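Number of protein chains: 4
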Amino acid sequence: MEEPLREIAVLDHGFVKLVDFMGGDMAVVQAARVSFGKGVTEPERDRKLLAFLLANRHETPFEHSVFKFHIKCPLFVARQWFRHRIASYNEISGRYATLNEEFCLPEVLRTQKAKNYRYERMAEPENSVLKGKMAAFYQAAYDLYRELLQNGVAKEHARMVLPLALYTQFYWTINARALMNFLSLRLDKHAQDEIRHYAEAIAGVFAEYMPWTFDAFKRYVVSGEKWIE
Amino acid sequence: MEEPLREIAVLDHGFVKLVDFMGGDMAVVQAARVSFGKGVTEPERDRKLLAFLLANRHETPFEHSVFKFHIKCPLFVARQWFRHRIASYNEISGRYATLNEEFCLPEVLRTQKAKNYRYERMAEPENSVLKGKMAAFYQAAYDLYRELLQNGVAKEHARMVLPLALYTQFYWTINARALMNFLSLRLDKHAQDEIRHYAEAIAGVFAEYMPWTFDAFKRYVVSGEKWIE
Amino acid sequence: MEEPLREIAVLDHGFVKLVDFMGGDMAVVQAARVSFGKGVTEPERDRKLLAFLLANRHETPFEHSVFKFHIKCPLFVARQWFRHRIASYNEISGRYATLNEEFCLPEVLRTQKAKNYRYERMAEPENSVLKGKMAAFYQAAYDLYRELLQNGVAKEHARMVLPLALYTQFYWTINARALMNFLSLRLDKHAQDEIRHYAEAIAGVFAEYMPWTFDAFKRYVVSGEKWIE
Amino acid sequence: MEEPLREIAVLDHGFVKLVDFMGGDMAVVQAARVSFGKGVTEPERDRKLLAFLLANRHETPFEHSVFKFHIKCPLFVARQWFRHRIASYNEISGRYATLNEEFCLPEVLRTQKAKNYRYERMAEPENSVLKGKMAAFYQAAYDLYRELLQNGVAKEHARMVLPLALYTQFYWTINARALMNFLSLRLDKHAQDEIRHYAEAIAGVFAEYMPWTFDAFKRYVVSGEKWIE
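Residue numbers (this note's numbering), protein chains in the order written: chain A, 23 to 251; chain B, 23 to 251; chain C, 23 to 251; chain D, 23 to 251.
Don't read these hints as lab results, they were simulated from the structure.
These figures come from a predicted structure and were not determined experimentally.
There may be inaccurate statements among the hints.
Stated by the list, open to error - Chain C is faced by these chain B residues, among others (derived, beta-carbon under 8 Å):
(1) P26
(2) I30
(3) M44
(4) A54
(5) P83
(6) E85
(7) K90
(8) S110
(9) N112
(10) S115
(11) A119
(12) Q161
(13) Y164
(14) S245
(15) W249
Each residue gets a CB set at the ideal place from its N, CA and C atoms; glycine is no exception.
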């Protein structure tokens, strides 16, 4: 569909592809210096300015850098993703397209005690037994979806039987400021493991295209380091 | 959970509840007149001003009126709903709560010819036969969800088998301007029938709480009537 | 123009008036508990939940509470104010209304050394001398504005001579989450003193209408206190 | 400060510079076709799809194209500009920088009858006489600004005497959907003449970088042409 600048496989059938990019670390510096009626200077000073901005919550200069991704992820991940409102989305539509038979089946299921958010890896053979039931269920779901379509049921009705494990695809355009907000929430240890894998792939792209910003983000936002003059 | 101001049943298990409201037609007039350093006058003039605003795309005065709804709808409807970004959402979480066994089963399935977006009602007995299969499938999906939970699978993993027909709930706060945008898109004949039922319920609440605005909205936005001085 | 719920004088001619409000601390709790499919419980638990949310950056439940203010402030303050994009504004228009002769003249001018952002109070008699010149200049500006209007110059052109000290008025509707963002930036010691006075007036209103939220905001956002389970 | 892709002089001292761009007509097509699980096809079909989207209010595919401008305009224009909230701004700060002595003086002043929004060109010699007074006043304003600074008054206080005719500068990043909203409002005959000049310069850049989109925008948004299948 396009030739991505970067492509990273995520989970069993998903991916993160960078398809377009605008801006970069120097665009941050340039936007910040307009406050002073000035432009970029030498690297060391510029980099320090950029770190200062992030450490002191001057976040608007980061909005002039923009990433466009092509994402493929399960529906339950997409539902978390689309909560981020300061971004642009165009997704494959189950009203217009016949959806592909691709479902997320985790390598190892996680367990959880009642009223507790600590997760453990499910032991074998339980893990394989339950995954087998899930896989069979996915097959049954897609068979019913196909049967409904073959009997003339409208796509928008037939898709109702598809489970949240189904993969979807979308374009996602987001500026670097909103992207850092996404990453700070979705790289967090409280985020669901599956979306965290996507966040890590995106963080890798971010680090490559805006290395100074990513470095300052890790220190002053993620680790909460204090700025010392 | 709360005592709604208005409550309307939608689809087989859903609802639209108005739980809070701020503003109204006079708040629109008040906000518009601040441009002139003036306030409200007599009803006839005020109502004409309000219609003029909407007919001529002066939409910001409508932002000071705010509706808070409690919505219960199927996941495939919620996914369309959450695309509207200028609004606030808090939804029940499948990571934190065990989701209820409630699925959307249409009274009459819609059919669709290939490469065509005209929908027909499915004839009997096909309709009952296919609905029977869907209902059985919903039961199987929820049984598997329960089995996974009983075997200690984390809620966030177990929910992957739940289909898009599942009902969810959320709070939705939106200003009157963004609400009119929602309504103009979701009352449209190209919108999926299920979300259109929700839009109609919401339009009824809107008409009750902002009657002048709703009337002008129907004439100048929905019907595309031209303003004549 | 309206009967405000609360009114506070700010600077020499300005004010902050609360004219409408929706929500409150319990609306935050209600929106947060929907994640668990639950509602409000007893005060102590609810208040702790609310503090937990703010301390751990779960900010969306605060969006369902909305404040509507009527603000009067100088143009140079309004220009800082309107940078906050997640809010609604309707302002008096210099194209449609003749603007009033009201200018901001600080009680004591601030001084500043070159390349330095530490401010001192200007000593007398310099302060009075320079303020006298500013007052005379404001008078000259308004005289010219009036002369241009009397000669038939369009309002939108005549206003070009009015200085940034001129007072303007606007309605401002903002949810509690965006309001906290405004306050955290504009109560800060790096904010300009004049807008900080407005932020303090607004903080007083906020504390009165959402006391639990304001208390948690001070501890976990402003003071950066860490949450301890 | 940067090497613009395009630069256009506007008014007496202003400019519009395109400094970065991402996307284009094909990016619109690509984003729209993801709904069908498809990509770009041949030009004629793609162009027709793009026009269909705009004519039928499918506006999200236009959000993946992003323009970054460097703008120089008078403060009274900037105040109208910054009302557009779905965009990113970084402006020179009168708190941090000494502002330049550049003021907008229209070639011909506009006149306006009371309670009327029809504007005429002011006749000579009145026009020259009044413009002479405005120019002298601008000089006096800047002289006082300089005097205040020389006496140690803080920049943030001294600027209070500067009139709305003063030129300012900012970076402005905006996606094509929000840009079309800006253009439809600011190219309109009810917009103030000065900002309309900026809108026309920007429309020229837009037409060059997204020719199919601009053409469809003119037909289906500006002229209100109906879509015929």
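The hints, checked one at a time:
Look at B/P26: its Cβ only gets to about 12 Å from chain C, farther than 8 Å, so that hint breaks. Interface hint status for B/I30: violated, as the beta-carbon distance to the closest one in chain C is roughly 19 Å, over 8 Å. Residue-level restraint check for B/M44 holds (minimum Cβ-Cβ distance to chain C is 4 Å; threshold 8 Å). For B/A54, the suggested interface contact is upheld, since its CB lies about 7 Å from the closest CB of chain C, less than 8 Å.
With a least beta-carbon distance of about 6 Å to chain C, the hint placing B/P83 at the interface is held under the 8 Å criterion. Checking B/E85 against chain C by beta carbon gives a least distance of about 4 Å; that is within 8 Å, so the hint holds. With a cut of 8 Å, the hint placing B/K90 at the interface with chain C holds, because the nearest CB-to-CB distance is about 6 Å. The closest approach between the C-beta of B/S110 and any C-beta of chain C is roughly 4 Å, which is under the 8 Å cut-off, so the hint is satisfied.
The interface hint given for B/N112 holds, since its Cβ lies 4 Å from the closest Cβ of chain C, which is under the 8 Å cut-off. Hint on B/S115 holds. Least Cβ distance to chain C is approximately 4 Å, under the 8 Å limit. Annotation: B/A119 was flagged as interfacial toward chain C, and the flag holds, the nearest CB pair being 4 Å apart, inside 8 Å. A cut of 8 Å between beta carbons decides the hint on B/Q161: the least distance to chain C is about 21 Å, and the hint is violated.
Below 8 Å, beta-carbon pairs count as interface contacts, and B/Y164 has none with chain C, the closest being about 16 Å; its hint is therefore violated. Residue-level restraint check for B/S245 is violated (minimum Cβ-Cβ distance to chain C is 26 Å; threshold 8 Å). Annotation: interface hint on B/W249 violated; nearest CB of chain C at approximately 18 Å, more than 8 Å.
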